[in-house]
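Asks: Protein chains in written order, with numbering that gives the first Met the number 0: chain A, 0 to 565; chain B, 0 to 565.
None of the hints are false.
The list cannot tell twin chains apart, which means a pair is met if one copy fits it or any two copies do.
Computed list of lysine-lysine pairs in BS3-like fashion (alpha-carbon distance at most 30 Å, straight line):
id	residue 1	residue 2
1	Lys177	Lys383
2	Lys177	Lys112
3	Lys40	Lys177
4	Lys40	Lys383
5	Lys112	Lys28
6	Lys40	Lys112
7	Lys28	Lys383
8	Lys112	Lys100
9	Lys177	Lys28
Hints were generated in silico from the structure; no laboratory data involved.
Okay, here's what each chain looks like letter by letter:
There are 2 protein chains.
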Amino acid sequence: MNFEPTGIDPLLDEALSAIATRSAFSGFKESGSSRIHGTEKPAAGKAAYEACLGQAFRLDDSEADFIAAEEVSPFTGEALGIRYAGPDPDRQFAAARAAMKGWASASVEQRIKLCVEMLRQVDEHGFEIAHAIMHTAGQSFPMAYAGSGANALDRGLEAVAWSWLMMNALPFQASWQKQVGAGDPVRLAKRWRLMPRGPAVVFCCASFPTWNGYPAMMANLACGNPVLVKPHPTAVLPMAIAVRIIRKVLAEAGFDPGLIQLVVDSSSKPLGKVLVEHDQAAIIDFTGSARFGSWVEQHAGNRPCYTETSGINTVILDGAEDIDAALDSVVNTLCLFSAQMCTSPQTFYVPASGMSDGNGRCLSADEVEAALAGRIDALAANPKRAASVMGCIQSPATLSLIDEWTGLAESGRYRLLHRSDHYAHPAGPDARTATPLVLGLDLEDGTAPQEEVFGPIAFVIRTADRDQALQHAADSARRHGAITAYLYSTDEDYIESATDAFAWAGAALTCNVTGNMPLNFSAAYSDLHVSGLNPAGNATLAEPSFITGRFRYAQVRRPLSGDGDE
Amino acid sequence: MNFEPTGIDPLLDEALSAIATRSAFSGFKESGSSRIHGTEKPAAGKAAYEACLGQAFRLDDSEADFIAAEEVSPFTGEALGIRYAGPDPDRQFAAARAAMKGWASASVEQRIKLCVEMLRQVDEHGFEIAHAIMHTAGQSFPMAYAGSGANALDRGLEAVAWSWLMMNALPFQASWQKQVGAGDPVRLAKRWRLMPRGPAVVFCCASFPTWNGYPAMMANLACGNPVLVKPHPTAVLPMAIAVRIIRKVLAEAGFDPGLIQLVVDSSSKPLGKVLVEHDQAAIIDFTGSARFGSWVEQHAGNRPCYTETSGINTVILDGAEDIDAALDSVVNTLCLFSAQMCTSPQTFYVPASGMSDGNGRCLSADEVEAALAGRIDALAANPKRAASVMGCIQSPATLSLIDEWTGLAESGRYRLLHRSDHYAHPAGPDARTATPLVLGLDLEDGTAPQEEVFGPIAFVIRTADRDQALQHAADSARRHGAITAYLYSTDEDYIESATDAFAWAGAALTCNVTGNMPLNFSAAYSDLHVSGLNPAGNATLAEPSFITGRFRYAQVRRPLSGDGDE
Chain A
0 MNFEPTGIDP LLDEALSAIA TRSAFSGFKE SGSSRIHGTE KPAAGKAAYE ACLGQAFRLD
60 DSEADFIAAE EVSPFTGEAL GIRYAGPDPD RQFAAARAAM KGWASASVEQ RIKLCVEMLR
120 QVDEHGFEIA HAIMHTAGQS FPMAYAGSGA NALDRGLEAV AWSWLMMNAL PFQASWQKQV
180 GAGDPVRLAK RWRLMPRGPA VVFCCASFPT WNGYPAMMAN LACGNPVLVK PHPTAVLPMA
240 IAVRIIRKVL AEAGFDPGLI QLVVDSSSKP LGKVLVEHDQ AAIIDFTGSA RFGSWVEQHA
300 GNRPCYTETS GINTVILDGA EDIDAALDSV VNTLCLFSAQ MCTSPQTFYV PASGMSDGNG
360 RCLSADEVEA ALAGRIDALA ANPKRAASVM GCIQSPATLS LIDEWTGLAE SGRYRLLHRS
420 DHYAHPAGPD ARTATPLVLG LDLEDGTAPQ EEVFGPIAFV IRTADRDQAL QHAADSARRH
480 GAITAYLYST DEDYIESATD AFAWAGAALT CNVTGNMPLN FSAAYSDLHV SGLNPAGNAT
540 LAEPSFITGR FRYAQVRRPL SGDGDE
Chain B
0 MNFEPTGIDP LLDEALSAIA TRSAFSGFKE SGSSRIHGTE KPAAGKAAYE ACLGQAFRLD
60 DSEADFIAAE EVSPFTGEAL GIRYAGPDPD RQFAAARAAM KGWASASVEQ RIKLCVEMLR
120 QVDEHGFEIA HAIMHTAGQS FPMAYAGSGA NALDRGLEAV AWSWLMMNAL PFQASWQKQV
180 GAGDPVRLAK RWRLMPRGPA VVFCCASFPT WNGYPAMMAN LACGNPVLVK PHPTAVLPMA
240 IAVRIIRKVL AEAGFDPGLI QLVVDSSSKP LGKVLVEHDQ AAIIDFTGSA RFGSWVEQHA
300 GNRPCYTETS GINTVILDGA EDIDAALDSV VNTLCLFSAQ MCTSPQTFYV PASGMSDGNG
360 RCLSADEVEA ALAGRIDALA ANPKRAASVM GCIQSPATLS LIDEWTGLAE SGRYRLLHRS
420 DHYAHPAGPD ARTATPLVLG LDLEDGTAPQ EEVFGPIAFV IRTADRDQAL QHAADSARRH
480 GAITAYLYST DEDYIESATD AFAWAGAALT CNVTGNMPLN FSAAYSDLHV SGLNPAGNAT
540 LAEPSFITGR FRYAQVRRPL SGDGDE
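Only chain A is shown next, with the shape it has when bound in the complex (with noise of 0.2 Å):
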């Protein structure tokens, strides 16, 4: 790879830079504090989204038709009221079709130079889409300033850097030469141009519609293929503001806005589906559940389809030189946006013999189920805390999750470890918030999940031993899915084992980190996010198998003539 600076814009060759040597860097700013910012940018950002509320959501002069989406506070408890435009698949296909040419016919330099400026631009505006994310996925005011904003779009510029890097493979000119047969050799100028597949359709998700968004969104259109986003009809807001930055940008710089575009279903009228199977859709990116997220990939044919669904995060509590400090950050790392992320932790294994620092201290696992629990009440305790780590449920349907769960466990199915319990938030009362659930069972019961258990609900397993625990987390990545694994041992033969088999499993192994990084921040341009090696998906943000199926090769020979080029 060529990872020299392109003089194209900074941000790009700064994360050229940090993919080369996958250090740590961030091309946004992280904290959304007004020591940094200042008061009116914030206050901006926050009446820019309140403006939104009740009101007709324009992407351009020509929409009609609007729809209400199903848009409702976790906060507040109460409905954002906006409309967007109606879905009209086969129209908005061709209107992408159409803006296409123009677009592909730019070169390289320009559309990633664009693809760039769209990113700042969205930065711009990152208070009032994070306050658009607080109020629809449900995290908190930190977690969506940073999280769905820095590191989304730190995401997205890493790949259009990747774009770049990948378009810039091969040369597009060259002369060739061959002696064939008796007389001159046959001298040839070769040229080559880079199309676009087509549409791309983008799937966000509902509870972190950005990370895996802005990636996407910037990934096709680098590579010169038109955008339908289609965002979680109870999520649109964030991505709606980001597609109208886009547009705007694209307009400005005289391509067709036509190029993103926004499509917004309803769960009563979902058009997912519609979408990946229409004949127009060219690349697909989905961001959703394991279910329909299979059945995407059964569906997408031979076209490129990139996709991360989920699966069963794994914790292993072996040991740890500082008990207290791993215990932390599990918990810390479980309780984040209240578990409701793809990284985020479910099934933690104990060995029977408990937890041990190597230096004589012991935790039994009877006590190390108790620290957790602990640790876990002494969060929610604490409000302003408890709000800034957990945030908020994204949707009801996971309160029912957790009653269900819980009801299993008041069966006898499950030991009751820690009941989910709303805590108190800063926001008030109706704020839909919820402690984990977590819920213990011995290996051998036989009732361990073999699928992921959406939100905060985790599931304490205790093993025979750490080898048995070790299997069956490997084992459970390698068939059910898993982005993440966690370990705790101060064994290394015992390290070097679990680091075998989470590698043939497809999990990320996080081992023996502790302080104050979330034990699952997947840093931009340093941690390969997704490994394609389980059923969680294969979209890796990002590695070149992120890029290359989005644009293809056209090739034209002709005689050379002179001695020269073509």
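Following the hints, complete the assembly by docking chain B onto the known chain A.
Replies: Structure of chain B alone, referenced to chain A:
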């Protein structure tokens, strides 16, 4: 990309240099002449081929339950009588899986080095394989030695080189530091490991098995994946020889030869679908018919699937500086291996105004048709040259197809411009030969075929003008697939329009080329073969998209201790 020399093998380094510059290179001898090889080696190769006849072909000593293949020499009409170990997909996939772990644990350098050595050893058996190709595929000796030998090995080496490039796109370890909250920064040591996907199924076609087979086999092996080779039941021997050689190279280097196996099926008990639908198949490489290829694409699900099928390759005859040279080239290319190549032209467009040289000479459309037919007759009248160019017809089904289309002409549906006939082959009267059938129609008749008609069956379509020809040719490529397109014109504006139209249609355009090189010669390291932009397949030989899906990354993060690495 880093195309710098690796020091692993000079052949690899020369291939990387050629890829970077797209210049002409071959790592292998294209001529099988005794002036280069002496007399002993060619004779030994022929003898080795003949020693296979009527015998059981053993890959190793454990094989049992041999079954007869369906191989019949197109040159002699005699069955080869070779038996191969019977297929057992479950057992073979299990053996492939068992072999994979050791191979995946080898360093990238070691795998790459061995892959280059495999190609070198296969080349050592070039004469034996060339005779096997002749008597299964029906290719002439020069084509069997060059096209199915050196040129195919070059495509294989190109795939190894691209595997090297892509597997080295990213560093395998990094240290990462970031300030998160107060206190010490988070410092992590990160490591990545390349993981194979699992067993690949490589389908090889009957008429040109090695040319797509070698790159698929090499890309899979280089990236750590075992391979089950599924040859066409009428053309097993060339792949069986190659597989045996590769197994020997693997075994001698201490690896499990189960990394590459042969699955021999039969037309009465075809196993293609069983292999594709097998839950242990992780990658599919398919070369064959559009119909089955489409089925494969629809059933690959979320597994990487690389296809080359077929389409309608077109020739537009608008004008030429040297009309005779242009017609020589197109007829030679049509006749090459009796149009049984995926790049062979099928449809010729002649505008009503005929062909002009821009200097006053003009051939009417009638004269163009007559000139095409006349050139075929001239070639057929020279049996030695005809044998070298046309070779034999691989399948009796192709003769039936010729009869069928001749009947359509006799019934008045087409004008019979050139009747296909047996040509006298030096090998004797049993050689299955056929000159091209050429059928004429007017575009407005609506009788232009809408799919590939395999073999020496060509169509001349008269159009009102050249624009109509271009529109129809490009539309045909886009809708029905096409790998190549050919154009002769003296008008730069028209050439530019055609270049654009075929770029969007995904057919590689060869424009105004005359001389000794067959127009459909696709040079490894330089020409990109199959665009992925139309139904003719997505397996581009070779650029990153041919490689990236074949391996994945496993990641592990741990606290960084000390100042340096973990």
